[in-house]
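Student: As they're listed, the protein sequences go chains A and B. Under our numbering, the first residue of the first sequence is numbered 1, with each subsequent residue one higher. Under our numbering, the first residue of the second sequence is numbered 1, with each subsequent residue one higher.
Don't read these hints as lab results, they were simulated from the structure. One thing to keep in mind: the hints can contain errors.
[Unchecked claim] Now the stretches of chain B that chain A is said to cover, found in silico as 3 or more residues with beta-carbon under 8 Å:
{"#": "1", "region": "61-67"}
{"#": "2", "region": "164-174"}
[To be verified] Think about it this way: if two alpha-carbon atoms lie no more than 25 Å apart in a straight line, the pair counts; the simulated DSS-like pairs of lysine-lysine are:
{"#": "3", "chain 1": "B", "residue 1": "K84", "chain 2": "B", "residue 2": "K132"}
{"#": "4", "chain 1": "B", "residue 1": "K110", "chain 2": "A", "residue 2": "K282"}
{"#": "5", "chain 1": "B", "residue 1": "K178", "chain 2": "A", "residue 2": "K282"}
{"#": "6", "chain 1": "B", "residue 1": "K89", "chain 2": "A", "residue 2": "K282"}
Since the structure is predicted, the reported quantities are computational estimates derived from the model, not experimental observations. Glycine included, each C-beta is placed from N, C-alpha and C at the ideal position.
Chain residues, written in single-letter form:
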Amino acid sequence: MGEHHSTYVPNTGIERWIDARLPIVRLMHDSAVSYPVPRNLNYFWTFGGILMFMLVSQIITGIVLVMHYTPHVDYAFSSVEHIMRDVNYGWLMRYAHANGASMFFIAVYIHIFRGMYYGSYKAPRELLWILGVVIFLLMMATAFMGYVLPWGQMSFWGATVITNLFSAIPVVGEAIVTWLWGGYSVDNPTLNRFFSLHYLLPFMIFGVVILHVWALHHVGQNNPSGVEVKNYKKDTVPFTPFATVKDAFALVCFLMVFAWFVFFHPNFLGHADNYIPADPLKTPAHIVPEWYFLPFYGILRAIPDKLGGVVAMFASIAILAFLPWLDTSKVKSGAYRPAFKIFFWVFVLVAILLGYTGSQPTDQAVLTLGGRTILDMVGFAQILTVMYFAYFVVVLPLLGLFEKPKPLPASIADSVLASGHAH
Amino acid sequence: MARWEFRIRRGKKRKRDVADHSTNAMQSGDPNRRDFLLLATGAAGVVAAGGVAWPLISQMSPDASTIAAGAPVEVDLAPIGEGKAITLKWRGKPIFVRHRTAKEIEDARKDDSAALPDKQADAARVRAFEGKAQDKWIVVYGNCTHLGCVPVGFSGEYNGWYCPCHGSHYDNSGRIRKGPAPRNLDIPEFAFLSASKIRIG
Chain A
1 MGEHHSTYVP NTGIERWIDA RLPIVRLMHD SAVSYPVPRN LNYFWTFGGI
51 LMFMLVSQII TGIVLVMHYT PHVDYAFSSV EHIMRDVNYG WLMRYAHANG
101 ASMFFIAVYI HIFRGMYYGS YKAPRELLWI LGVVIFLLMM ATAFMGYVLP
151 WGQMSFWGAT VITNLFSAIP VVGEAIVTWL WGGYSVDNPT LNRFFSLHYL
201 LPFMIFGVVI LHVWALHHVG QNNPSGVEVK NYKKDTVPFT PFATVKDAFA
251 LVCFLMVFAW FVFFHPNFLG HADNYIPADP LKTPAHIVPE WYFLPFYGIL
301 RAIPDKLGGV VAMFASIAIL AFLPWLDTSK VKSGAYRPAF KIFFWVFVLV
351 AILLGYTGSQ PTDQAVLTLG GRTILDMVGF AQILTVMYFA YFVVVLPLLG
401 LFEKPKPLPA SIADSVLASG HAH
Chain B
1 MARWEFRIRR GKKRKRDVAD HSTNAMQSGD PNRRDFLLLA TGAAGVVAAG
51 GVAWPLISQM SPDASTIAAG APVEVDLAPI GEGKAITLKW RGKPIFVRHR
101 TAKEIEDARK DDSAALPDKQ ADAARVRAFE GKAQDKWIVV YGNCTHLGCV
151 PVGFSGEYNG WYCPCHGSHY DNSGRIRKGP APRNLDIPEF AFLSASKIRI
201 G
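Only chain B is shown next, with the shape it has when bound in the complex:
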């Protein structure tokens, strides 16, 4: 039963005459023209409100220029010596590119069997070039997966990264080992163009 009918039926006596007609129609289960109009108008109103709300919400999403500025970039790895790392900026975020030593790779692989909060093998965190795993190169987003601070390289209890904001420790593979961060450091989409060149994005 429509709400306005309730109001009319419960209303003062002098309104009774007006109400009787539609009330009887409702009680007999026969929807009349007014009910149809009410429902149709209501439905159209909801659609219209949604249509107006969507542009107002959508305008806050990344705009075309922001998306365009986030196009893929190529990075030359040759200048990064073994045991060194660089930080580059892509899409407003830092990206760590780390050239691991043989010992670091070995350490990371050994830890595959350790108690990892976000279990992932070191091999799954590196990319291949022409079928050969480029496991000396670790490429990760430089934002802690806790609340987005930039962890400090070559520090922490696992000689990977340490986030000073809330104390998350990552290993040299970028895997979370200790602290409040829920995930390993995210790996951006990237591919090797040659043994010493990558494209990010």
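Excised from the complex, chain A in its bound form:
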């Protein structure tokens, strides 16, 4: 789409005075009012705005919680209970923050899958996509450290297991883990540094989000047809009111789901064991990470080798960054790729099932025959892990060479007018 010409006209004297010195109003006008968006964007394109809202919401509720929380192993757990019982609206702030993390991840997964379906990672949006992967990684680190802060059983053992992942690194692994802990085990120094970093990382996310949006506004948005904008007049509409209103409506719907969790099922997405204070001498019988880490946890457990498991888990996230080059098809949108569509939905199913395996005990039977277990949870996760990676390194590279895509519309306007009759 490229840079569009600024249409901002400062009308008052004050606006002209500011515009000549710091054209910040012009910048906002150009990026959120007159900015041209493809006229065929569907509701999957509203999640960027929703994510922006969630980031701000998490930062605000987080800053408020810090005013009442004590980052010390002796007080952390009780200070969270203090927030729940004594602090005015503390329960609301904490439930909004804890469930907000889940809503943030729901939105980011929809956002990522949308990008994968419509080929939003393809040229010229590779850097835009990679910045998104960086944001995703930062989100995971932030969420993990935040979950440690209440210092419940899941906090403590989650921290132990995740920091121990680094002990798989040959030679220096153990030294790195001691350095991460600041001691001989997960303890007060660990809690303190996690608290410090949990406060820092959201602002780093904010910084990368600015780069992400900058890259987006430089190359322009992808759209459901995957065809680039050719004629601004015909193919685009101004951001305000069109995208603003659509984003706002989607946000309100999203917030209704958010509120439903916060007010009616605030602990549904959490884990009961985290209401037991941390005990370094006893691991809960069945430890699981938060739901949004489960697919990756499933991959970790699928590999019977420690280093192998850790490498596979990190690779399953890192491979996303290589998507622009692994997908060899010239056609962006999955809507015009009949075979891709099938593989894509299988991939979505595989990711969900991997999450399921991650949530179950390892020795649980999946398939039994005559009372004998022929497939347990680890075996099932192994099959799914192979399918997960195959999507990236086998299916996408080959599909682009063999698949016969459907004919693309000549322009975005054409695709809208063609489907317009159906409405």
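With chain A's structure known, arrange chain B on it following the hints.
Tutor: Okay, now just chain B, sitting in the frame of chain A:
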């Protein structure tokens, strides 16, 4: 050739005059004062950056109070009956002290020849007092060598420990037998002070 020279040489014509002097010096292989200053400043800068970075990295390592709190402890073994085990906390970690029965010792020795992922004889996992092996006492860190969970005692397929997190089985000697853990349960540094007393650390 220094990078700034490239920039100047490729730059606009009006900068040529400035560039010519040093360019000629470089081409003749004669390092001039500017090159020396550039290298010296760069080297000093790298040293300074390292000097600033090190305290920032080192502050995260265990501090003096943490190390002091991790001093050695003495443990009286007398109250631990045969076939029983205790868990004590040292350096924030659980330590298992297990009083093995004669049969358990025998089982562990028999398994010396079994297929062990981390091969180690049972005799190498016990300590001696006055030249006599105290093989009824097994003292190990209570953290699974996979990802650090605390295994459950007297359970698993080898009647040792079983880690519920990712399914590692250990025998009564603390050796890994099955599952994702790469090593036997680690043995802390410890010594017998008497036949019924040990010092850990």
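Student: Please go over all the hints and tell whether each is borne out by the structure.
Tutor: Here is what the structure says about each hint:
1. 61-67: holds (count 4)
2. 164-174: holds (count 4)
3. K84(B) <-> K132(B): holds, 22 Å
4. K110(B) <-> K282(A): violated, 31 Å
5. K178(B) <-> K282(A): holds, 21 Å
6. K89(B) <-> K282(A): holds, 11 Å
In summary, the one numbered hint that this structure violates is 4.
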